[in-house]
Structure formats: structure tokens, C-alpha cells
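Chains A and B, in that order, give the protein sequences. Its first residue numbered 8, the first sequence is counted upward by one per residue in our numbering. Its first residue numbered 775, the second sequence is counted upward by one per residue in our numbering.
Watch out, some of these pointers could steer you wrong.
[What the hints assert, rightly or not] Below are the DSS-like pairs computed for lysine-lysine, each with C-alpha atoms no more than 27 Å apart in a straight line:
1) LYS83/A to LYS72/A
2) LYS85/A to LYS820/B
3) LYS83/A to LYS820/B
Read the hints as simulated data drawn from the structure, not as lab findings.
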Amino acid sequence: EVQLLESGGGLVQPGGSLRLSCAASGFTFSNYALSWVRQAPGKGLEWVSGISYSGGSIHFADSVKGRFTISRDNSKNKLYLQMISLRAEDTAVYYCARNLAYSYGSNYGMDVWGQGTTVTVSS
Amino acid sequence: QSVLTQPPSASGTPGQRVTISCSGSSSNIGSDYVYWYQQLPGTAPKLLIYTNNQRPSGVPDRFSGSKSGTSASLAISGLRSEDEADYYCATWDDSLGVWVFGGGTKLTVL
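Pulled out of the complex, with its shape left as it was, chain B reads as follows (with noise of 0.2 Å):
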């Protein structure tokens, strides 16, 4: 069970948009940044969103993130088949002093 919630799956279409949501608590989400990670088919996490909503030099704009309250949701415009992948949300616990993750949501292309 992790700590923050995230569905387990999301589908989309080319074109379309999706988001994908975090759900946490006052100790983690509520009071840290929040970060998101693409993780492909047998490769390493890629940084993705940091700080809530900054994307690091390279990613397509057609990613966002955004935070508000305890939960936090990663949006992706106009869908693309190499968008398939795992999505995982992260952020500090305050009151475990650990990094925790999300489940991880697989993004399906149809």
C-alpha cells in the first residue's frame, strides 16, 4: 500500500489529453513539492515535473503539473503513442523523513 494513491491505469487516444492524479496527506503533499517520473518499458525513471509544475529542459510542454491541497495531478496534452508508459508521483514525508511514491499509473495509448 503506498502512501500516495495514484490509479493504477489511464488510456487515451492520440490527441487527446489525460491526467493522471496523486492523492496524499498534510504531511507529505500538503506541505512539500511534488515531482513526477516517466518511467518506459525496462528503462530507468525519468524526471518529468519538478517543484509542482517546472519541467526540466527537454520535456515536451505538452506535460504539466499542478498541486493543490494534499493532491497533485499530471496532465499530458496531445497524446502520443511513445507517451505510453508507467507514472509515478513523489514527494517527502514529513512524518515518516522518507521519500515516498505513488503506485505508479500505467498510461495506455489506444
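Bound conformation, chain A alone (with noise of 0.2 Å):
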């Protein structure tokens, strides 16, 4: 069975920093592009941040360029997401997700997703 677990969240201050991490089984993971995607209480689907089946590509969203990070190990078939300068506005449930294919741009949707990880930011 495919799955996707993400682990990592927490509650931080803002201005800190935490790494989310998301464990995939089931398939090969290094023939697939990863996203990341978070739902902030309440709130729609916002995709985060981007990477190829090899890491040599990557793209974020501008709401959070240049304050994180995403990066993957495919020798243990592991995503993750490295968050600094935390934002209340960073609160969110985090997902993992699957893109269908080799990339995560045009064309390429994400088919399966973990079951998240939440992100408070609060003092």
C-alpha cells in the first residue's frame, strides 16, 4: 500500500524554526516528484513547495521563498521541509503529497497524500 507519513510538527514561537519530515512506503520513491501543501485552520489548499524525483529541481511558494526549504533523501525514501522565521501565518496542517509522475509542475498533480502534520506558531 502506498503511504505517506508526515511527522515533525509542533507548536513553535514565531521567529523559530522546525523540521517536518515524511516517511513514504509502498512504492519507488525515487522515481517520484514530492510536494508539500498546507491548510490553515478553516482554510483551502496552498501549495507550498516543490521537488523532482532526483531533488535537482525545486520551486516554493513566494509566501514562503527564502524561509523554507525542501529537500529529500532517496535512500530512505524521505521528505522534508525545513521552516525558519516561523509566521502565525505559518499555522497550517502540513501535508505530504505524491506528484504523479517525475516532476511536480504543469501536468503533474499530486495523487496521494499523507495525513498531515500540524504547525502552530504562537507565542
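Make one complex out of these two single chains by using the hints.
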């Protein structure tokens, strides 16, 4: 069974840092691009970042550019999101999602989603 | 304000057919595939429709998608109580260089 399992969420003060992880199983991890999508409380979905199958291509939403970093370890089947300079507006459930193929861009939407991990930025 | 526009709510009675619209522009829906996601209360989004009108295995054929120009639609026929959920459309925006989502439509089964 294809599965994604996020971890690393929690309560952090404004300006703080957090690293989210996503452990994958049930598919050939290194063949697929991956994305992070977040959902603020009571709000809709927002794509945050994507990384290609090899990690050679990455992209971020303007709202997190310069503060978030995405990476992957294909030997461990893991995806990461390093978040720094966190703001209250970063409070959300963060989902890890698999893209349909090797790229996160046009034509390759997200098919499998994890259950999410909650990040709360508050003093 | 979402890049893609969806009605905030929709409703129907069991057995009815309902449609949910998603409106965009030439830089997103007009030039890329549309995806639809179902989010049941308290759960992660689930892929319902990909590349405009394809259903993943396991998704009932009661769900169908279509696209015309810069708009797309999700149709649900034979409405059931378990269809009560939030529905989101999504596509890649060539101008913004990001995936964009509609604001979501809350479907209520009366």
C-alpha cells in the first residue's frame, strides 16, 4: 500500500524553526516528485513547495520563499521541509503529497497524500 | 482570494446529481490539466479526478470531471450521504509557476 507519513509538527514561537519529515512506503520513492501542501485552520489548500524525483529541481510559493527549504533522501525514502523565521500565518496542517510522475510541475498533480502534521506558530 | 473560483457551497438530496464549477484563466485551467480532490471532515484530501476527467481506481463512476476553456466542473450523480465533504479543484498556473487551488466547495447532502 502506498503511504506517506508526516511528522515533526508542533508548537513554535514566532521567528522559530521546525523541520518536517515525510516517510514514504509502498512505491519506488526515487521515481516520483513530491510536494508539500498546507491548510490553515478553516481554510483551503495552499501548495507550498515541490521537489523533483532527483532533488535537482525545487520550487516554492512566494509566501515561503527564502524561509523554507525542501529536500529529500532517496536512500531513506524521506522528504523534508525545513522552516525558519516562522510566522503566525504559517500555522496550518502540512501535508506531504506524491506527484504523478518525476516532476512537480505542469501536468503532474498530486495523487497520494499523507495524513498531515500540524504546525502552530504562537507565543 | 483564490486563483481558482469555486462556489463556497452546494447541496442536493440523495440520488440527485450535483455539479461544482471551477473557474480560472488562460494561464491555469486554460492551459493545464485540472484535478479534483475530496476532503472528508478531519481527513486528508483524496484524489477524485486527474487530468480533467480520469478517475483513479477505486473512485466510483458517479464522479466525473470535465473542462471547457478556462472552466472545469465536477459532477456527482446518485448523491449519497457519504459524499458530504469539501471539494477542491487544482491546476498548475504557468504565470505564477505554482499549483493553485480553488477555495473549496462544501457539499451538503440534505
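Right, here's what the structure says about each hint:
{"no.": "1", "hint": "LYS83/A to LYS72/A", "in the structure": "holds, 26 Å"}
{"no.": "2", "hint": "LYS85/A to LYS820/B", "in the structure": "holds, 21 Å"}
{"no.": "3", "hint": "LYS83/A to LYS820/B", "in the structure": "holds, 25 Å"}
When the structure is compared with the earlier hints, no violation turns up for any of them.
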